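Starting from the given sequences, assemble the full structure and let the hints guide the process.
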Amino acid sequence: MRKTGIPSLEAIRSCFPDTLVKPKAIIECYEEIPCNPCATSCPVQAITIGEDLNKQPRINFDLCTGCGICISSCPGLAIMVAEEVGEQIRFKIPYEFLPVPEVGENWLALNRQGEVIGEALIEKVLRKNKTLVVSVLVPRDLLYEFISIRRPK
Amino acid sequence: MIEKELVIIGGGPAGLAAARLAAEAGVEVLIIDRMKQLGGQLVKQTHKFFGSKKQYAKFRGIEIAEILSEAALKLKVEVLAEAVVLGIYPDKVLTVLKGEEYIKIKAQAIIIATGASEKVLAFENNDLPGVYGAGAVQTLMNVHGVRPGSRMLMVGSGNIGLIVSYQLMQAGIEVAAVIEASPQIGGYLVHAAKLRRLGVPIITSCTIKKALGSNSVQGAITVRLDEAWQEIPGTETTYEVDGICIAVGLSPLSNLLAMAECRMKYIGELGGLVPILDSSYQTSQNGIFACGDVSGIEEASSAMVEGGIAGLSAAHLLGKVHPQYDELLIDYKQQLSNLRSGPGGVKIRKGLQKMETL
Amino acid sequence: MRIKKHPILNFEGRKELHFTFNNEPLIGYEGDTVASALVASGIKIFSQSPHLQRPRGLYCAIGNCSSCQMIVDGIPNVKTCITILKEGMRVETQKDRGHLYD
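Chains as they are written, first to last, in the numbering used here: chain A, 1 to 153; chain B, 1 to 358; chain C, 1 to 102.
In short, the hints are calculated from the structure, not lab data.
In this text, all values refer to a predicted model and were calculated from it rather than measured experimentally.
One should not assume that every hint holds.
Stated by the list, open to error - Label-pair ranges, simulated between beta-carbon atoms:
id, chain 1, residue 1, chain 2, residue 2, range
1, A, F16, C, L52, 29 to 39 Å
2, A, F16, B, G319, 57 to 67 Å
3, B, K54, A, P17, 44 to 54 Å
4, C, N23, B, N126, 25 to 35 Å
5, A, L121, B, G234, 42 to 52 Å
6, A, E119, C, R90, 52 to 62 Å
7, A, E32, B, K119, 51 to 61 Å
Claimed, not checked - Looking from chain A toward chain B, a few residues come up when the C-beta cut is under 10 Å (computed):
id, residue
8, K3
9, T4
10, E32
11, N36
12, E51
13, P75
14, Q113
15, E115
16, G118
17, K130
18, S148
Virtual Cβ for every residue (Gly too), placed ideally from N, Cα, C.
Structure follows, in structure tokens:
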């Protein structure tokens with residue numbers, strides 16, 4: 001990952017809980033850097049970092065309610081929320097580009113290399129301090145691949 | 001000759017933090033800055049900052065600039081903006097140029113917080129218009145709303161290279177690739193991940209060989225490097241770009257410190273020539289302090305904390321002890337230790353170890 | 001080239017300013033530096049190197065490298081990247097090391 005910026009499938013999987021019946025935060029923070037807004041923003045203290053700011057965050061999935069406050073708190077935009085919705089996954093992701101996605105539009109679903117892997121239906125768009133938190137629905141099989149969206153040309 | 005109690009040269013995160021602490025201790029502070037707007041390099045940082053709550057983590061750089069400026073101005077800190085300090089003398093006299101006006105100021109104590117400057121990279125045609133320091137591109141985009149090009153090549157994958165590439169994409173400018181001479185990505189992995197998501201390639205063991213174009217950049221030729229950092233012939237790639245951003249590191253702007261005859265030392269890990277400081281950030285010249293990037297290249301979060309210590313120390317020297325002097329000093333030193341204790345702090349710790357103690 | 005819409009920043013509502021570059025009328029905005037207004041108007045060449053006459057442009061944009069020096073309102077060697085644009089400014093390319101007293 002130090003060469004490419006892309007985590008391995010194993011590393012990605014280790015960030016996910018056993019089940020996504022309820023929405024949970026997926027924190028992809030693979031490196032020790034001095035940072036703790038995710039831990040201090042969590043309203044139910046599900047994320048812990050501790051005294052040493054450099055430690056990677058640990059999430060207690062039992063406490064996590066999937067509220068998504070951490071999504072727009074993370075300066076690295078490394079957190080998203082995932083939830084199983086039938087044959088689809090609902091992802092809530094941070095997004096900081098124009099144009100702003102509109103509810104009902106079908107955008108392109110991207111993997112961590114920026115490659116198109118399918119379609120993402122825009123469900124909801126929230127604005128938190130100029131970072132958009134976009135709720136999308138993607139097919140279930142994209143669970144470990146999906147990370148972001150791009151507007152189709 | 002104007003007389004001032006404490007003059008702070010540089011109104012960036014270090015200078016502003018120092019101003020606030022010194023003013024809180026009852027010192028009359030004057031900040032001199034080259035720009036009209038205070039905040040130093042923070043005014044062009046649109047991304048959210050790391051660190052902890054005490055260093056305003058989660059806030060965007062531009063917001064932190066406002067918070068720090070307001071805090072200092074509220075305490076009636078005087079500001080001389082659009083003014084350049086031309087000279088500094090060991091008897092603490094400063095010569096300043098503001099427009100056409102030449103001003104002489106005698107200070108009782110001085111804090112130098114002049115920050116750092118982009119390093120340059122040597123390659124063929126590196127003087128062509130269209131070759132920019134990464135910070136220049138940020139200034140143009142984020143402060144003035146100007147697009148310096150439509151497709152750029154980023155040289156350097158440290159935090160600045162990665163962050164500016166992301167900001168280029170946000171401004172609607174394509175980044176053809178980020179190239180890095182070393183075999184690994186230099187900056188935070190989360191910054192690299194944000195770029196990869198956008199489809200921007202990050203190519204390690206690769207450097208720029210030549211810029212193409214007659215009057216301005218029209219392209220760039222990169223070449224791969226082997227384990228000994230030598231060019232591998234035949235691996236040249238040509239990119240069609242109208243701008244090349246150089247993000248290969250910063251160097252402290254330490255000219256004023258040298259002029260004031262402070263003892264200096266060249267420490268590579270800290271970015272270049274730095275002043276030798278004691279634990280209160282005082283240089284070898286009594287009453288002259290230095291903090292922020294000028295004392296060693298680090299982050300804005302550390303600059304703010306260092307500025308706080310320098311402000312408290314300068315005030316103390318002037319006989320004005322901040323009501324929370326002891327607690328704050330302990331807290332600030334702890335904050336710096338926290339920021340530097342992780343793997344990201346290896347370089348700065350090594351650099352600081354090399355600094356002699358006075 | 002101006003950024004009209006940005007996901008984080010707002011560049012709307014700035015006052016228009018008029019200046020000249022080598023007698024050519026150009027437009028800038030309040031808050032621009034001379035350099036940023038020139039880049040926005042598509043001007044890349046700010047000067048020439050003294051010996052080989054190679055084209056020079058902006059590099060650091062914050063007043064450290066001296067690549068951007070031009071003649072502003074008759075005064076040579078002005079660092080255009082840290083000079084705030086004012087209404088009616090006359091900006092000219094400098095052909096030599098500059099003359100202070102004409």
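Now for the hints, and whether the structure bears them out:
1. At about 60 Å, the beta-carbon gap between F16/A and L52/C misses the expected band of 29 to 39 Å.
2. Separation of F16/A from G319/B is about 60 Å and conforms to the stated range, judged on CB atoms against 57 to 67 Å.
3. Range check, K54/B to P17/A: Cβ separation about 32 Å, and the 44 to 54 Å hint is violated.
4. Roughly 31 Å separates the CB atoms of N23/C and N126/B, a value that falls within the hinted 25 to 35 Å.
5. Take L121/A and G234/B: their Cβ atoms lie about 47 Å apart, and the range 42 to 52 Å holds.
6. Checked against the hint of 52 to 62 Å, the pair E119/A and R90/C passes, with Cβ atoms roughly 56 Å apart.
7. Take E32/A and K119/B: their Cβ atoms lie about 27 Å apart, and the range 51 to 61 Å is violated.
8. Checking K3/A against chain B: minimum C-beta separation of about 5 Å stays under 10 Å; hint holds.
9. Restraint check, T4/A versus chain B: the minimum CB separation of about 7 Å is within 10 Å; hint holds.
10. Because the closest C-beta pair between E32/A and chain B is about 4 Å apart, less than 10 Å, the hint holds.
11. Taking 10 Å as the C-beta cut-off, the interface hint given for N36/A holds, the closest approach to chain B being about 5 Å.
12. For the restraint placing E51/A at the interface with chain B, the shortest Cβ-Cβ distance is roughly 8 Å, inside the 10 Å limit, so the hint holds.
13. Hint on P75/A holds. Least Cβ distance to chain B is approximately 4 Å, under the 10 Å limit.
14. Because the closest C-beta pair between Q113/A and chain B is about 6 Å apart, less than 10 Å, the hint holds.
15. For E115/A, the interface hint holds, the least distance from its beta-carbon to any beta-carbon of chain B being 7 Å, beneath 10 Å.
16. The closest approach between the C-beta of G118/A and any C-beta of chain B is roughly 15 Å, which is over the 10 Å cut-off, so the hint fails.
17. Given hint, K130/A at the interface with chain B, holds; its Cβ is 8 Å from that chain's nearest Cβ, closer than 10 Å.
18. Restraint check, S148/A versus chain B: the minimum CB separation of about 5 Å is within 10 Å; hint holds.
Violated hints, in rising order: 1, 3, 7 and 16; the structure is consistent with all others.
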